[in-house]
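Here is what each chain is made of, one letter per residue.
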Amino acid sequence: MKILTRHEEIVLLTILRLKDRAYLVTIKDMIKKYMDRDQSFGTLYVSLKRLKRYGFLSESIGDPTAKRGGKAVKYYRLTRDGINALKTIQKLHNAIWDDFSEIANEYTEKL
Amino acid sequence: MRSNSKKPPRICLWPIKKIIPENDFRFFVGDIEESYSNMLEEKGRIFTYFWFWLQIAKTIPPVIIDNSLRSLMMINNYFKIAIRNFKKHKINSFINIVGFSFGIAFSYLVLIYINDEISYDKFHENSDSIYTVVSTSYRFDHTGRRLPYPVCSALKEEYPEIKDYTRIIGRHGRYTTILGYEKQLSNEIPLFADPNFFRFFSFRLLEGNPDNVLLSSNSIVLTEKTALKYFGEEDPLGKVLTATLGSVQKDLIVTGLAEDPPSNSSIKFDFLINTENISHFRGEDFPTRWIGYTTSMLILLDESASKNDLEAKFPGFIDKYSGVMFRNPTTDPSHLGPDGRSIKYTLENIQDIHFSQNISGLASDVNDIDSLYIFSGIAFLILILVCFNYTNIMMSSISERGREIGIRKVLGAVRKQMTFQFLIETFIYLFISVVIGILLTLLFIGSFNNIMNKQLEIGAIFDLINLVFLSLTVFVTGLISTFIPGLSFARSEPVSNLSGKFKISKKSAFSKALIIVQFSISIVLLVSMIVMGRQIMFLQEQDIGFAKENLVLIETLDRRSEISEGILTRFKDRIREEPGIISATGSGSSFYRISYGGGGIVNGTRISSGSSNRVHYDFVKTAGLTLTAGRDFSRDFSSDATAAIVNEKLLEVTNLKDPIGTMIMNGGDIMPDFKIIGVVEDFMQASLDSEVKPIIMHMFPGTPRVNLPINYIFVRISGENVLNTIEYLENTWKELFPDKPFNYNFVDEDVERSLGEFRKWKQIAVHSAFLAILVTGMGLFCITSLIIYARIKEIGIRKVLGASPIRLFYHMTSEFILLVLIASIIACPIGYILMDNWLQNYSNRVDLGFQEFILTIALTFLLSLSIISYQTIKTAIANPVDSLRYE
Chain A
82 MKILTRHEEI VLLTILRLKD RAYLVTIKDM IKKYMDRDQS FGTLYVSLKR
132 LKRYGFLSES IGDPTAKRGG KAVKYYRLTR DGINALKTIQ KLHNAIWDDF
182 SEIANEYTEK L
Chain B
-3 MRSNSKKPPR ICLWPIKKII PENDFRFFVG DIEESYSNML EEKGRIFTYF
47 WFWLQIAKTI PPVIIDNSLR SLMMINNYFK IAIRNFKKHK INSFINIVGF
97 SFGIAFSYLV LIYINDEISY DKFHENSDSI YTVVSTSYRF DHTGRRLPYP
147 VCSALKEEYP EIKDYTRIIG RHGRYTTILG YEKQLSNEIP LFADPNFFRF
197 FSFRLLEGNP DNVLLSSNSI VLTEKTALKY FGEEDPLGKV LTATLGSVQK
247 DLIVTGLAED PPSNSSIKFD FLINTENISH FRGEDFPTRW IGYTTSMLIL
297 LDESASKNDL EAKFPGFIDK YSGVMFRNPT TDPSHLGPDG RSIKYTLENI
347 QDIHFSQNIS GLASDVNDID SLYIFSGIAF LILILVCFNY TNIMMSSISE
397 RGREIGIRKV LGAVRKQMTF QFLIETFIYL FISVVIGILL TLLFIGSFNN
447 IMNKQLEIGA IFDLINLVFL SLTVFVTGLI STFIPGLSFA RSEPVSNLSG
497 KFKISKKSAF SKALIIVQFS ISIVLLVSMI VMGRQIMFLQ EQDIGFAKEN
547 LVLIETLDRR SEISEGILTR FKDRIREEPG IISATGSGSS FYRISYGGGG
597 IVNGTRISSG SSNRVHYDFV KTAGLTLTAG RDFSRDFSSD ATAAIVNEKL
647 LEVTNLKDPI GTMIMNGGDI MPDFKIIGVV EDFMQASLDS EVKPIIMHMF
697 PGTPRVNLPI NYIFVRISGE NVLNTIEYLE NTWKELFPDK PFNYNFVDED
747 VERSLGEFRK WKQIAVHSAF LAILVTGMGL FCITSLIIYA RIKEIGIRKV
797 LGASPIRLFY HMTSEFILLV LIASIIACPI GYILMDNWLQ NYSNRVDLGF
847 QEFILTIALT FLLSLSIISY QTIKTAIANP VDSLRYE
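Taken in order, these protein sequences are the chains called A and B.
Following the numbering used here, the residues of the first sequence are numbered contiguously, the last one being 192.
Following the numbering used here, the residues of the second sequence are numbered contiguously, the last one being 883.
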C-alpha cells in the first residue's frame, strides 16, 4: 500500500471532512484554515490529480453556478482505497507516535 | 461604467490553458472564478488583483514539473516498446541502423571536409581586415598577387587606410634556395618576410620573440619540420646555415623556431628570412625596381576604411607612378583594360584566397568552391535517401503495428503522444546509428584523406563545431523521418487498426511516391558515376603526345639563362657516352606544366602569352614528340638560334598552311623574330583536361632583360637497369655540381599524379553511387517484404483460386516496374542537366549520350527485379493455407 505524503494526507483528510462539499475552492480554504498557510492552486490541482491516479479519489460533476461564471463544479470524494490508505497511515501514525509526550519529556531531561 | 469586475482577467489564464488538459481546464477556470469572487467580497479590488496574479504565478511551476515527470514516465514505456519492436523486426531494424550509420558517416566526413575548407586562413587574428593586393596586367593577360617591390611602401605612404602592411617574396621568385648545414643539402621553400611577419599573422613562434626574431638580416627562422631535417632533436637556435640563391651565398643564424604552418593556411613556408636580404641575393637595385611582379603585399585595412573605396583610389596611384612603372608604355588598345590603363590593382581578403583559382601567387592549395557544393549535394541526397527509407519502412510496418496503435488510442493516447512515441523510437535508432556512424568516420577518414588529398585529423571528428552540426543534422533527420509516418497513421480509426485490417490505400500512394523519389535519386547518382567514369577513362586514354616512360627530369636549380645552359651542356656531355642514356635535353618549363611568357604574331594572328618555351637540342627526340613537318634543331645551322618548332594547334589557330619558313613576329626589340623550322603533333601541356594550346618552342637564350633559363634537364634512359642508371646520374651530378642537390622525377609518375585529381572524382562517384544503391536496395527489400506481408491474404486467396506462381509474380512486380519507370523518367533529365554542367569544367570531354542513361535504367530494373522476385517467389511458393489461417 502506498504511503501517503504529508501533503496528500492532509488533502485526503480535508476531503473527508468536507463530505459532499469537497472541491478545489473549499479544499483550499479548509487547508488554509488548518495550516494557516496558503496553498497555490497549482499544488492542489497536482495533488488531486495524483490522488485520483492512485485511485484514492473519485470525481463527480455538479451544477454550474453564476459565481463560477457558469461553469460546472468537480466534486471529489474518497474511494474505499482512499479510506484504507488513510487507515494505514493512521495505524502507522499511532504506532509511531504512541506515548510521544512521555518519551519526549524523558528525552529532554537527559539533554 | 465599470466593466464586470467580478471576473478575473482572462488573459492570465492563457498560460494555464496551455499546460493543463482541456477537460480539467474548464473546471479549473470555474474554481478560479469562484475564488476570485470570494476574495473580491472579502478584501476588495486592489488586493484581489495582486492576489490573483500571485496565484497564477504560483500555480504554473508545480503543474509543469508534474507534466514533465509524467512524460518521463511515459518515455520509459516507449523505450521498452521500442526495444521490443527492435527484436521483433530484427532485419528491418538492422537495415535501418546500417542505412542511418552510413548516411551519417558519409555526411559527417563531408561536413568535416567542408568545415576545414572554409576555415582556410581564418586563424589569423585580423583575418577580416587582411587583404592582399592583386595586380592584373591586361598586356600580359596575367593576374597575380604580386607587385613590384617599391610599390608596397609607396602604397602605404599614399593611403592612410593601410594601417600596416607586410611583404612576402616567395618561391616563385627567380631563384630557388638551397640550405646547407654541414653535409645536409636540400632545397626548401623560402619566404622572404618583413620583421613584422609574426605580428601581422597568427603563425606561432615556438622559440624566439615575435618582435625581433626577424629583425636582423642575418636571421633565419625555421619551421619544426625543417629544423628536424637539419638538426634532428637538437635545439637549432644559434646554429649557422648557409643559404644559396643562384650563385650568392650567405650565412644565416637561426634566431627562431616556428610551428609548421597549419594545413589550412594558404601561406606555407619552410623557413623565413628578412626581406632586406633580397638586395644581397637578387641585386642591390631590387628594392628600387619598379618593373616586375615579384613581391606579395598584404595589408591591414583600417577598421573605418572601406575596401571598395580604397580600390577605387588605385587607378589614381597607377597614374601617379606610371612614369616609373612603365618604361615602354603601350598604346595598343588590346593591351589596355576598360579604364584605359594597362594594369589594375584590386584587394582580395585573405580568407578568399583559397577559392580563387585564376590568381597566381601566395596560395599553396587552391580548391574550387563548386566541389564543396557538389559534396554537400551528394551528402544531402544520401541522407534524404536514408530518411525516406526509414519512413517507408515505418509506414509499411503500420499494418503490423496496427493493433498496438489501436489499443493505445482506445486507452486515450493523444495524437501528440503517439507522435512523440515514434519520435523517441526514431531517436533511439538515430542514437545508435550516430555512435556507429562516428566509428565508421574514424575508420574511413584515412581513405577519405587519400582520395581528397587532404590532411583531416582525427581530432576534427570530435571538434565541438563539427559535433554541433552533426547533432543538428541528426536532429533534423529524425524529425523528418518521424513526422511523415507519425502524422498519417495517427489519424486512422482505432477500430480498423485493432483488427489489423489497416488499409494502405491512400497511404500507399504516398509510399509509392517515396519509392519513386528514392529510385530517382539512385538513378541520378548512378548516371553520374557512369558519366564521370567515362570522362576519366577518356582522359586517361588521351594520347599524351609525348613518350612519358623512362624519361627522367632533373632540376637545374638555377634560373639564369647562361648559367643554367652551362649546367645542361656540362651534364649532357658527361653522360652522353654512358650506356643506358639515350639522349638528353633541356627545357625552360617542365613541358607538361604551364609554360611561360612570350607570344608573338604568326600569319597575322596574335598568339597569346604563355605559349613559348625555351628548349635545347635533341628536345624532340628526348621527349618523344612526333615531327609532322620540317626538322628538329640542329647544330649544323647556326641560324637555329632564332628558329622555332611549333605544334599543330598553332597552325590551326593561325590558319597557317605552309609553316616551314614562316616568321613569328616578336616585336624585335625584346625578342627577335623566330623562323619556323618544324611542326610536331599536339601534346599534353598543362593537365589532361585542359585544352591543347598553340606552343612555340625555341632555343633563344634570352637577353639581359629577358631571362629564359633552362630549368629542367630531361634524360631519356633505356629502361634497363633503371636503378643503376639513376645512381650513375646522381653520382655524376654530385661530382659536377657539389653545391646542388640532385632533384629528379620520373615524368610518368608526375603525369600519374596529375591524374590524381580525376581519380578523386571517380572514387567519389563510385562511393556515393554504391551507397545510394545500397540504401535503395535495402529499402526496396523492406518495402516489398512488408507490403507482401500486408497482402498475404490476397496472395493466399489467389493461389487457392488457381493462380500460378508466375502470374502472381507478374502481378506483384508489375506495380514496381511502373514505379521504376516513372522514377527513370523523372531522373533522366535531372541527371542529364547535372552531368552536362559538370562536364563543362573540362574543355576536353566526352559526349553525353544515351548509353549511360539506358545502362543505368537497365541496372536499376535489374536490381529491383531481383529483389522483388526474391520476395514474391518466396511467398508465391508458400502454402496458402498458412496465410489464410491468419485471420
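No lab work stands behind these hints: they were computed from the structure.
Among the clues, some could well be false.
Have a look at the derived ranges for each label pair, beta carbon to beta carbon [unchecked claim]:
1) B/Lys84 / A/Asp101: 47 to 55 Å
2) B/Ile7 / A/Ile177: 46 to 54 Å
3) A/Asp117 / B/Gly40: 37 to 45 Å
4) B/Arg41 / A/Met116: 47 to 55 Å
5) A/Ser141 / B/Ile7: 40 to 48 Å
6) B/Phe75 / A/Glu90: 32 to 40 Å
Okay, derived cross-link-like pairs now, DSS-like style, lysine-lysine, Cα gap no bigger than 25 Å in a straight line [claimed, not checked]:
7) A/Lys130 / B/Lys14
8) A/Lys133 / B/Lys14
9) A/Lys148 / B/Lys39
10) A/Lys152 / B/Lys54
11) B/Lys246 / B/Lys568
Backbone N, C-alpha and C fix where the C-beta goes; we use that ideal spot for every residue, glycine too.
Which numbered hints are broken by the structure, listed smallest first? 3, 4, 5, 11
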